[in-house]
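Asks: Protein sequences appear in the order of chains A and B.
Under my numbering, the first residue of the first sequence is numbered 1, with each subsequent residue one higher.
Under my numbering, the first residue of the second sequence is numbered 1, with each subsequent residue one higher.
No lab work stands behind these hints: they were computed from the structure.
Model, not experiment: these values are computed from the prediction.
Incorrect hints may appear among the rest.
Which bits of chain B does chain A cover? Going by a derived footprint, with three or more residues having C-beta under 8 Å, they are [to be verified]:
#1 43-55
#2 60-67
#3 87-94
#4 104-111
#5 147-161
#6 301-307
Beta carbons are placed, not taken as given, at the ideal position from N, Cα and C, and that holds for glycine.
Here's the letter readout for the chains.
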Amino acid sequence: MTTYLLAEVTGADLAAARMQMALSLGWHIVIACFGVGMPAITLIAEWRGHRTGDVRYRLLARRWARAMGVLFAVGAVSGTILSFEMGLLWPGLMGVYGQVIGLPFSMEGIAFFIEAIFLGIYLYAWDRLRPVPHLLSGVPIMIAGVASAFFVVTANAWMQQPTGFDEVNGRIVAVNPWAAMFNPATPSQTVHMILAAFMVAGFGMAGVHAVALLRRPGDRYHRLGLLLPFTVAAIVAPVQVVVGDWSAHFVAQNQPVKLAAMEGVFRTARGVPLSVGGVAVDGEMRYALEIPYGLSLLAHWNPNAEIIGLNRTPPADRPPVNVIHWAFQIMVGVGFALVALGAWLAVGWKRRRDLPRSPWFLRATAVSGVAAVLALEAGWTVTEVGRQPWTVYGVLRTSDAVNPAPGLVYGFVLVSVVYVALTVATVYVLRRLARAVPVPLAPQEHDVTGYKVI
Amino acid sequence: MLAEIMLAALWIGLTAYVLFGGADFGGGVWDLLAGGAVKGGRQRELVEHSIGPVWEANHVWLIFVIVLAWTGVPPVFAAVASTLYIPLTLAALGIIARGSAFAFRKASTELWQRRLFGATFAFSSVVTPFFLGTAAGAIASRRVPPGIARGDLVTSWLNPTSVVAGLLAVGTAAYLAAVYLTRDAERSGEQDLAEAFRRRALAAGAVVGLLSAAGLLVLHADAPGLFAELTSGRALPFLVLSIVAGLASLVLLWFRAYLAVRLSAALAVAGLLWGWGVGQYPTLLPGVTLRDAAATDSVLAASLGALAVGALLLVPSLWWLYATFQRGHRPPEQPIHGDG
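All chains, please: the whole structure from these sequences, using the hints.
Replies: So, in structure tokens, the structure goes:
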């Protein structure tokens with residue numbers, strides 16, 4: 001009886017720990033995407049404003065920078081929580097393997113430091129610096145943001161493809177930190193994530209101005225505010241399709257169980273079709289639209305390639321199929337929809353040098369940011385849930401990594417409440433910033449003048 | 001040797017976090033005690049103005065400490081985080097509340113919003129250092145055993161040493177902030193505010209001095225090993241340094257030497273931290289020395305190398321940041337014009 005109760009409690013605590021990590025990581029990553037993509041887009045606007053003297057670009061840069069200040073603060077603290085949680089929730093991971101992934105995190109610390117320092121200068125010294133030095137003070141933010149994303153994702157890539165260490169009886173005896181950092185999963189995963197960040201930031205920023213354009217059609221300031229970030233995201237989107245394909249090939253080669261779960265393949269076979277939609281019931285994919293040879297072709301560039309099914313893996317070692325299958329479909333579907341949206345603008349631009357006339361273009365752009373976030377979260381669901389039941393693929397089980405202390409459930413409840421409040425406050429403040437008419441001189445100094453948006 | 005360097009780097013990071021990040025928390029403490037919206041308005045403005053551009057950079061020191069802990073001494077990090085997950089979760093939530101509320105308050109204009117976010121910022125500025133202090137007290141009083149979640153989840157951080165350490169953390173934060181703000185107010189020409197913060201710095205300095213003395217008594221009963229090292233062992237010089245610098249700070253404050261007192265106050269606080277570190281070295285947790293816990297040399301060498309390269313980038317950048325905002329603010333001659 002006692003053992004039964006104990007097992008029950010541990011199960012709930014493990015679920016709570018996973019949910020808490022998913023919540024705080026899934027929350028932070030949205031903000032982090034803006035941290036990676038927004039500085040570059042803002043700098044383009046500031047540079048255009050400096051070159052052309054067009055006040056709309058300069059205004060856009062200032063207003064985006066102001067939002068960036070809020071987002072960066074929230075991102076800094078929500079990122080700190082993650083480094084706490086690595087130990088609070090997963091001491092079994094960090095106590096043994098912390099040193100293996102320590103190097104990229106040390107580098108990330110430096111990159112984050114650079115970002116914080118130059119963001120302080122960029123935001124608060126807008127009117128203390130000449131335009132060109134001010135522009136240059138933003139460049140380290142941009143570089144460090146991309147570098148941070150790279151370093152952090154290498155650590156996650158290591159959890160997918162653990163390399164670079166020797167373990168004897170649960171103790172690490174030798175580490176090659178560079179081999180761990182540049183593990184086989186690193187190239188495709190980091191590139192996929194950095195491009196995703198630019199898509200989230202670009203479509204997200206364009207979406208805000210699309211909403212404004214729906215309210216005030218033809219407004220030239222908002223038109224520019226839509227066009228600039230949208231162009232960045234729309235250029236990245238088709239590249240992301242190619243990189244996504246690269247990632248999928250990598251998974252097919254190195255994490256066949258994850259691929260089988262993504263596509264709901266249970267029996268090992270050759271010439272496996274691609275399942276679109278459908279539900280896995282009792283070890284079988286049902287109601288799916290099947291494209292013959294599709295999966296073999298996509299995963300291995302060969303219509304008769306063999307796909308290893310889930311039946312080769314003991315049931316206890318299989319990730320949940322439906323969650324991963326649907327998350328993957330959502331990511332791919334949204335990704336292609338965003339490519340199509342970009343193409344729509346390209347066609348409209350070629351014909352008339354203007355946005356497409358249809359209000360549906362603005363409506364679609366207005367939700368494109370949310371859609372990009374959905375694709376981002378779905379993609380990470382595939383990556384992380386697809387790795388289960390392992391925390392370090394094939395090396396450490398999630399149930400062995402978790403903190404065995406009782407009461408993690410209450411921690412999860414408390415953290416959830418705080419995140420709900422944080423979400424409400426962040427959205428509220430950003431909406432107010434988007435609507436506020438006066439633009440302050442330096443984005444974070446509150447000597448607000450009565451400067452009007454055109 | 002590499003392990004010792006790594007531990008020293010970690011402790012330098014911790015010192016920087018306490019001296020810079022701690023002062024930002026202290027700013028929040030004074031924000032809390034500033035009084036009503038009208039009466040305390042100028043004080044709050046000074047606090048906001050002083051910490052606004054720098055708090056994120058100061059905050060990164062904490063991330064540094066955490067990352068170096070799990071890289072350099074992974075089993076110690078796992079033991080500390082798992083046993084102390086209650087105070088550390090509360091500190092983490094306090095960090096979220098403080099940082100975001102500070103940014104939100106800056107972006108809000110209406111009084112009720114500024115009050116709500118301001119209160120959140122101020123309250124969490126008191127709570128967060130307290131919980132971080134209790135965690136430090138738990139380690140100092142040997143209440144975090146090695147292994148994962150092996151210590152008592154409650155008494156490990158609710159005990160005499162932890163409570164004194166928590167109070168001391170809040171007190172030093174407030175003290176450092178008052179000392180730094182005195183000079184900031186003087187530089188921006190607000191003599192009355194400088195006087196107000198001078199009085200606060202004197203009072204906070206006295207309180208911190210008394211708390212430190214009380215802390216020694218508590219250590220005598222609760223952590224006799226550390227007490228012996230501090231009062232008669234190799235940590236004694238640091239304790240003496242802290243006491244001398246602390247007393248000197250009070251004198252300097254009295255004579256309004258605001259720039260010099262920044263240094264002496266920082267030395268007093270750093271002396272306490274290094275006294276603890278040296279007093280406990282090389283034992284990190286009961287029965288675990290640095291040798292037992294340290295990561296492999298290849299990891300230490302690579303990480304220290306990365307830090308060294310990083311320092312080359314960071315030091316001039318940090319210098320530029322502080323120099324930019326420690327110079328007096330010249331209002332811009334010409335705002336951008338909207339008639340284009």
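Asks: With reference to the structure, classify each hint as holding or not holding.
Replies: Quick rundown of the hints versus the structure:
no. : hint    : result
1   : 43-55   : holds (count 3)
2   : 60-67   : holds (count 6)
3   : 87-94   : holds (count 5)
4   : 104-111 : holds (count 5)
5   : 147-161 : holds (count 3)
6   : 301-307 : holds (count 4)
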